[in-house]
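Dock chain B against chain A, hints included.
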Amino acid sequence: MEHFTLSYTTTPRLQEGHLPRLCGVVASGNLEVLVEPLDAADLCLIEVNTSAPGFRVIWEALLSDFVERNQVGGVQISINDAGATPAVVGLRLDQALDAYRSGL
Amino acid sequence: MNQSSENPVMWDALSRNSTARLERGAAFARGREVATEDITRLLEAVIEPGDRVCIEGNNQKQADFLSRSLLKTDPSRVRDLHLLQSVLALPEHLDIIERGQVSRIDFSFSGPQAGRLAALVEQGRITIGAIHTYLELFSRYFIDLTPRVALIAAQAADREGNLYTGPNTEDTPAIVEATAFKSGIVIAQVNEVVDKLPRVDIPADWVSYFVKAPTPHHIEPLFTRDPAHITEIQILMAMIAIKGLYAEYGITRLNHGIGFDTAAIELLLPTYAAELGLKGKICTHWALNPHPTLIPAIEAGFVKSVHSFGSEVGMERYISARPDIFFVGNDGSMRSNRAFSQAAGHYACDLFIGSTLQIDLEGNSSTATKGRISGFGGAPNMGSDARGRRHASPAWLRAGREGSRNRAMPRGRKLVAQIVETNREQMQPAFVERLDAWELAESAGMELPPVMIYGDDITHIITEEGISNLLLCETAEEREQAIRGVAGYTAVGMGRDRRMVENLRDRGIVRYPEDLGINKRDANRDLLAARNIKDLVHASGGLYSPPRQFRNW
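Read top to bottom, the protein sequences are chains A and B. Numbering of the first sequence is given in the working numbering, commencing with residue 1 and proceeding in unit increments. Numbering of the second sequence is given in the working numbering, commencing with residue 105 and proceeding in unit increments.
For reference, chain A alone in the conformation it holds in the complex (with noise of 0.2 Å):
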């Protein structure tokens, strides 16, 4: 297991009142993807619970493009991972985010 914390400065958020929302399944190859409100309307909080420790730099690489791309300010996101690859992890944050969005 690994565990870290990041936390990126964006864009404010625009509108209150998300709920929170919940993407995928922890299985192998797969990962949960929980996005609640946060306080700090400028800031985007990522943390990481991976079963496969040592790919720190793809998971910075991965998350610091998500945050650039979508300007998400005051979410919290929380995500187990269980060996997903890069490409199922950005598809499941894209989908719990557009969750996230369009369920407020």
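Simulated from the structure, these hints should not be mistaken for laboratory data. Model, not experiment: these values are computed from the prediction. Misleading hints may appear alongside valid ones.
Claimed, not checked - Restraint-style ranges between C-beta atoms, simulated for each label pair:
no., chain 1, residue 1, chain 2, residue 2, range
1, A, Gln71, B, Asp619, 30 to 36 Å
2, A, Ala27, B, Arg208, 47 to 53 Å
3, B, Thr231, A, Leu6, 53 to 59 Å
4, B, Arg491, A, Gly103, 53 to 59 Å
5, A, Leu6, B, Glu618, 23 to 29 Å
6, A, Val57, B, Asp428, 51 to 57 Å
7, A, Val57, B, Asp630, 32 to 38 Å
8, B, Glu618, A, Ala27, 24 to 30 Å
9, A, Glu16, B, Asn510, 53 to 59 Å
10, A, Gly29, B, Arg208, 41 to 47 Å
11, A, Pro53, B, Asp428, 38 to 44 Å
Where a beta carbon is used, it is the ideal one built from N, C-alpha and C, also for glycine.
Okay, now just chain B, sitting in the frame of chain A:
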């Protein structure tokens, strides 16, 4: 001076030798029929030291009984063989080498035996002549590697020795034609001996002997992919392929490689592609084995014709019931032919798309890894520009225009796409600076790194990140960035020049899902026209009968 009386030129040495072999063999045969228990002695009688022996075996049908029987022969009599084989698939194929009866081997593919073969080569126990593509190997059967003895597999023989090879005809016609018409010995193992065959695939006078095998020849259901294992990433890549490549070029004639990536495309035709209005506009004519995952597209009316290299276990009744689609004899069963289908895939298809293990910065792709000599099979012929092609089609012409680099003479070109997830399981990157093929070539003393598809033949690379059109790249540097630009979070992908990739994106050379109007969220298993094997059975109206290992109900 009468030269011939002193040193007579003999023009029929091969047939004289063949007659002598048949005379020796006669002791163990009644006419052409050999009793099961006599086969080892017959092989000892007709095979001579140093013979080129072709053992029929592809990745589907195997002359497995004859292979096992060859293993029982006396190594002091049957020795120094030069084996010719499409595929080294069975343990027996390597056992005969380990017994010291083989000095040389020429083959095409060694899939499951790749590791053992590499070890034997390193120990110096076998010399590899060359590793070929299927078409190359068949071609050499007619030029400089003509078999003296061919050990083949058929479904049935009649009492005369006519053979029925049925749906899995595969390599048999090519092997038998080369052997029989150069005075060679053809020995067929058959599953049954019958009074009347459904049809004659190989006439008796091309056959020297036939023997009933104690068990039916092995056939591997190699092309069956259970839709239950198709991932959302594969669905996303299939959407990119359909919208960014198939629809873009209007590809009607094509070949799909083996694997889940292309199975996903097949299963998206009746859903995603139909919604895009592509029915009748793409994927109508195929060089393809009868993939069960193509059933929904056939039933939806997408597909007009399929010619096959071999058959697929469980598809027999479905194929028989769809003779307008498949190539079916008067008896109602399919006839496949690997040589013709390979030629068809090379010359008559506008697109090949397949998966690979590694792609380098020039776009060279390879499935070779160190310690495994796996060979090529058919992909290099499917996945290369047919430079002898002269007939035009819109897709071929457009690809030719895009890659023309201002050449004055108009010319078409084949579309060759590789479809890969950027990282495989265990985070093995699909994109690398240097192919493992280089190391393998060094360790096995090969003349060339075994490259499956050369970079200059590849036109498109599809990953979950997007699609790159290498035809449109102006320079080698652009090409490299176009590859890096879809290489995801591999070291190669992270090493991209972001500004250059953005420039390529502006010019439509690199396209991401959003550039194609694809919403990644739609990459959902609900898009699959069949979500499991049972759905495929339903789609076939109960005609498809999956092998036991694919039934979980």
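Here is what the structure says about each hint:
{"no.": "1", "hint": "A:Gln71 / B:Asp619: 30 to 36 Å", "verdict": "19 Å, violated"}
{"no.": "2", "hint": "A:Ala27 / B:Arg208: 47 to 53 Å", "verdict": "49 Å, holds"}
{"no.": "3", "hint": "B:Thr231 / A:Leu6: 53 to 59 Å", "verdict": "56 Å, holds"}
{"no.": "4", "hint": "B:Arg491 / A:Gly103: 53 to 59 Å", "verdict": "56 Å, holds"}
{"no.": "5", "hint": "A:Leu6 / B:Glu618: 23 to 29 Å", "verdict": "24 Å, holds"}
{"no.": "6", "hint": "A:Val57 / B:Asp428: 51 to 57 Å", "verdict": "55 Å, holds"}
{"no.": "7", "hint": "A:Val57 / B:Asp630: 32 to 38 Å", "verdict": "35 Å, holds"}
{"no.": "8", "hint": "B:Glu618 / A:Ala27: 24 to 30 Å", "verdict": "28 Å, holds"}
{"no.": "9", "hint": "A:Glu16 / B:Asn510: 53 to 59 Å", "verdict": "57 Å, holds"}
{"no.": "10", "hint": "A:Gly29 / B:Arg208: 41 to 47 Å", "verdict": "43 Å, holds"}
{"no.": "11", "hint": "A:Pro53 / B:Asp428: 38 to 44 Å", "verdict": "56 Å, violated"}
In terms of the numbered hints stated before, the structure departs from hints 1, 11, listed from lowest to highest.
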